[in-house]
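Protein chains: 2
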Amino acid sequence: MEPSTQIVAIGHALVDVLSNTDDDHVASLGLGKGTMTLIDDDQSQKIYAGLGPAVEASGGSAANTAACLASLGASVQFIGKVADDDLGVVFSHDIRAAGVRFEAPPFDSGHPTERQISTGISLIMVTPDAEKTMCTNLGIGSYLAAEDIDTAAIASAQIVYFEGYLCGKDESRSGVEAAIAAARAGATLVALSASDPAWVDLHRDELWSLLDRVDILFANEAEALGLSGQPTLEGALDALAARVSTVAVTLGAEGCVVHDRTGVVRVPAEPVGQVVDTTGAGDSFAAGFMFGMVSGRPAADCARLGGLAAAEVVGHLGARPLARLSEMAAAAGMA
Amino acid sequence: MEPSTQIVAIGHALVDVLSNTDDDHVASLGLGKGTMTLIDDDQSQKIYAGLGPAVEASGGSAANTAACLASLGASVQFIGKVADDDLGVVFSHDIRAAGVRFEAPPFDSGHPTERQISTGISLIMVTPDAEKTMCTNLGIGSYLAAEDIDTAAIASAQIVYFEGYLCGKDESRSGVEAAIAAARAGATLVALSASDPAWVDLHRDELWSLLDRVDILFANEAEALGLSGQPTLEGALDALAARVSTVAVTLGAEGCVVHDRTGVVRVPAEPVGQVVDTTGAGDSFAAGFMFGMVSGRPAADCARLGGLAAAEVVGHLGARPLARLSEMAAAAGMA
Numbered sequence: 004m005e006p007s008t009q010i011v012a013i014g015h016a017l018v019d020v021l022s023n024t025d026d027d028h029v030a031s032l033g034l035g036k037g038t039m040t041l042i043d044d045d046q047s048q049k050i051y052a053g054l055g056p057a058v059e060a061s062g063g064s065a066a067n068t069a070a071c072l073a074s075l076g077a078s079v080q081f082i083g084k085v086a087d088d089d090l091g092v093v094f095s096h097d098i099r100a101a102g103v104r105f106e107a108p109p110f111d112s113g114h115p116t117e118r119q120i121s122t123g124i125s126l127i128m129v130t131p132d133a134e135k136t137m138c139t140n141l142g143i144g145s146y147l148a149a150e151d152i153d154t155a156a157i158a159s160a161q162i163v164y165f166e167g168y169l170c171g172k173d174e175s176r177s178g179v180e181a182a183i184a185a186a187r188a189g190a191t192l193v194a195l196s197a198s199d200p201a202w203v204d205l206h207r208d209e210l211w212s213l214l215d216r217v218d219i220l221f222a223n224e225a226e227a228l229g230l231s232g233q234p235t236l237e238g239a240l241d242a243l244a245a246r247v248s249t250v251a252v253t254l255g256a257e258g259c260v261v262h263d264r265t266g267v268v269r270v271p272a273e274p275v276g277q278v279v280d281t282t283g284a285g286d287s288f289a290a291g292f293m294f295g296m297v298s299g300r301p302a303a304d305c306a307r308l309g310g311l312a313a314a315e316v317v318g319h320l321g322a323r324p325l326a327r328l329s330e331m332a333a334a335a336g337m338a
Numbered sequence: 004m005e006p007s008t009q010i011v012a013i014g015h016a017l018v019d020v021l022s023n024t025d026d027d028h029v030a031s032l033g034l035g036k037g038t039m040t041l042i043d044d045d046q047s048q049k050i051y052a053g054l055g056p057a058v059e060a061s062g063g064s065a066a067n068t069a070a071c072l073a074s075l076g077a078s079v080q081f082i083g084k085v086a087d088d089d090l091g092v093v094f095s096h097d098i099r100a101a102g103v104r105f106e107a108p109p110f111d112s113g114h115p116t117e118r119q120i121s122t123g124i125s126l127i128m129v130t131p132d133a134e135k136t137m138c139t140n141l142g143i144g145s146y147l148a149a150e151d152i153d154t155a156a157i158a159s160a161q162i163v164y165f166e167g168y169l170c171g172k173d174e175s176r177s178g179v180e181a182a183i184a185a186a187r188a189g190a191t192l193v194a195l196s197a198s199d200p201a202w203v204d205l206h207r208d209e210l211w212s213l214l215d216r217v218d219i220l221f222a223n224e225a226e227a228l229g230l231s232g233q234p235t236l237e238g239a240l241d242a243l244a245a246r247v248s249t250v251a252v253t254l255g256a257e258g259c260v261v262h263d264r265t266g267v268v269r270v271p272a273e274p275v276g277q278v279v280d281t282t283g284a285g286d287s288f289a290a291g292f293m294f295g296m297v298s299g300r301p302a303a304d305c306a307r308l309g310g311l312a313a314a315e316v317v318g319h320l321g322a323r324p325l326a327r328l329s330e331m332a333a334a335a336g337m338a
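In order, the protein sequences belong to chains V and F.
Under the working numbering, the first residue of the first sequence carries the number 4, and numbering increases by one thereafter.
Under the working numbering, the first residue of the second sequence carries the number 4, and numbering increases by one thereafter.
Any given hint could be a false lead.
As the list claims (entries may be wrong) - Computed spacing ranges between beta-carbons, pair by pair:
1. Ser31(F) <-> Ser329(V): 21 to 27 Å
2. Gln119(V) <-> Arg300(F): 48 to 54 Å
3. Arg99(F) <-> Gln119(V): 23 to 29 Å
4. Ser31(V) <-> Asp87(F): 27 to 33 Å
5. Ala335(V) <-> Leu325(F): 31 to 37 Å
6. Val278(F) <-> Arg176(V): 50 to 56 Å
7. Leu41(F) <-> Leu236(V): 56 to 62 Å
8. Arg176(F) <-> Leu205(V): 53 to 59 Å
9. Glu150(V) <-> Glu330(F): 43 to 49 Å
10. Val278(V) <-> Ser7(F): 40 to 46 Å
11. Ala149(F) <-> Ala149(V): 52 to 58 Å
Stated by the list, open to error - Derived coverage of chain F by chain V (criterion: at least 3 residues anywhere in the stretch with Cβ under 8 Å from a Cβ of chain V; other residues may be distant):
12. 52 to 60
13. 81 to 90
14. 270 to 282
These aren't lab readings, by the way, just hints derived from the structure by calculation.
Just so it is clear, the structure is predicted and the values come from calculations on it, not from any experiment.
Yeah, the Cβ is synthetic: ideal placement off N, Cα and C, and Gly gets one too.
Bound-form chain V, shown alone (with noise of 0.2 Å):
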């Protein structure tokens, strides 16, 4: 029999086209590096044309995090929606191999509109830094209705966690309700990543309102003083504290701070040889958290395995762990 699933993750299914660039490149397409910028087909095709040649390899926020949570040794589900094209086989492929459970079939009929809509994308260009600029043309994984939910798997596990980008799309909207709705039925705990500073700007009444239903929050220090509103790391805080029972804000190579109802505890990073690619830095981060917390661990603790998870993904290319995740937490005494 199967391990009943303890983690839901639900996001975008992606595939990630990395290339190597240069500052000058991302500055000559009018995008602020870091940041991540929505893109439509035409726009997806004129800025892949001028990139480099390319390495694709499966991605999407939520779905990373799923990846290093299996990693670890969680037993995780994903849901998202792919297309029925080379690259929904693609991702199909490595979410399951990398020990995921993902059951949603190819969509290839009753999108919303006439032209086919693909699975989406993210052009991530590199630049030498390590620093990286995404512009992702979302394609069928916007279209999460209340029917994708596998609202049972929902009910029945410790967490539900969402990724930020999948909340403020009016496309995916009932899905998102479908799934807190399923969570709150049951007594699983609504985890949510902040995802981008510049989506927090933008979505920022909506993501608010939604932490009163939701118990676990993922931001970054950009994130937590846009969605609190607040001038301070201090103040965002106690901010987010007051509507979320755990708050976990990462601070780069600073490490990450956690306020929950036991309080606050500072947590630093983990040593990393060389800083290759930060794509997936907090994708791991929450998979290292979450799998934290379904052990019972204290939030110190979450906030080490979420740092030594981050700290693997961060040294290679790609967002997704290459070790096993779950052998460096044995090694760390966290197994």
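Chain F: place on chain V using the hints.
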């Protein structure tokens, strides 16, 4: 005005699906480590389903050679066939982004079966010893007909280069013949890579008879022995050089030996920090060697350029260069 094409490379357009695995997995599939096996759609799906998470990167033997030639600074065109699907878009983007001329439109009609034929893929299993085991589904790439050949470009080029994988298949025979005829009509040298020892065994007679019209042959030791039917490297070199004016045999870590009209020269391998993945080693050697030839260099220099290119490519995952090979050649005094 664009520079006229110096080298035309012809081969299968493939996207590599690269996955790390272990020797036991390769053996459990009944595959010989280090070999290339042709597979059909059903086998492809079955083997892919058993692979771990993978990364996709454009490949194809002659296409890799073309990408290396462009990186060295040569003017190069690739002729090969992609389907009108996501992987066809990926292949076309990457070869052009590498600086190679590639004019074939996606092929989506007139193919010889009723079923849609996809862009070719190669499932590449990389074992911890950096050896590659390949299972290739050639897809639409096999159906290279005379009308797909840019005879004008070939007739005015200095070299037309074939991967051996293209020679011996009924589907591509008319394309190969048209290309050789175009070379003979001009003053274009014909270069051939033996590709694979198992391929040589399967198609020995056809490859051997083709040598009458080949000016430059690339082979590793096993391929040279198989093709010539000789038991020793010296015997093989003599037998092959009796039919082909320039024979370059690669010897892995031992470097290579070249037999041409000026005599026989041995060149040691370039030092490599760590061999990560030998995919593309032979392809890049051929590129460096031919770059030396079109630059009018003697055989020893050609072989050294081949070794330089190969050293770059085996130092990382994937078959195409990450560094600018022209800068490496310049640093070695051979720009």
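Tested hints:
1. Hint check: Ser31(F) to Ser329(V), Cβ distance near 23 Å, so the stated range 21 to 27 Å holds.
2. Distance hint check: the CB atoms of Gln119(V) and Arg300(F) are about 51 Å apart, consistent with the given range 48 to 54 Å.
3. Checking the proposed 23 to 29 Å range against Arg99(F) and Gln119(V) shows it holds: the Cβ atoms sit about 24 Å from each other.
4. For the pair Ser31(V) and Asp87(F), the supplied restraint of 27 to 33 Å holds, since their beta-carbon distance comes to about 30 Å.
5. Evaluation of the 31 to 37 Å hint for Ala335(V) and Leu325(F) yields a pass: the beta carbon distance comes to about 32 Å.
6. A beta carbon spacing of about 51 Å between Val278(F) and Arg176(V) agrees with the range 50 to 56 Å that was offered as a hint.
7. As the Cβ distance of Leu41(F) to Leu236(V) is approximately 59 Å, the hint placing it in 56 to 62 Å holds.
8. Look at Arg176(F) against Leu205(V): about 58 Å separates their beta carbons, and that is inside 53 to 59 Å.
9. Distance hint check for Glu150(V) and Glu330(F): the Cβ-Cβ separation is about 55 Å, which falls outside the suggested range of 43 to 49 Å.
10. For Val278(V) and Ser7(F), the Cβ-Cβ distance of about 44 Å falls inside the hinted range of 40 to 46 Å, so the restraint holds.
11. Our hint of 52 to 58 Å for Ala149(F) and Ala149(V) holds, since their Cβ atoms are close to 56 Å apart.
12. Proximity of the region 52 to 60 of chain F to chain V, defined as three or more residues with a beta carbon under 8 Å from a beta carbon of that chain, is established by the 8 residues found.
13. With 3 residues carrying a beta carbon less than 8 Å from a beta carbon of chain V, the region 81 to 90 of chain F meets the three-residue requirement, and the given coverage holds.
14. Counting residues of the region 270 to 282 of chain F whose CB falls under 8 Å from any CB of chain V gives 0; the rule of at least 3 is not met.
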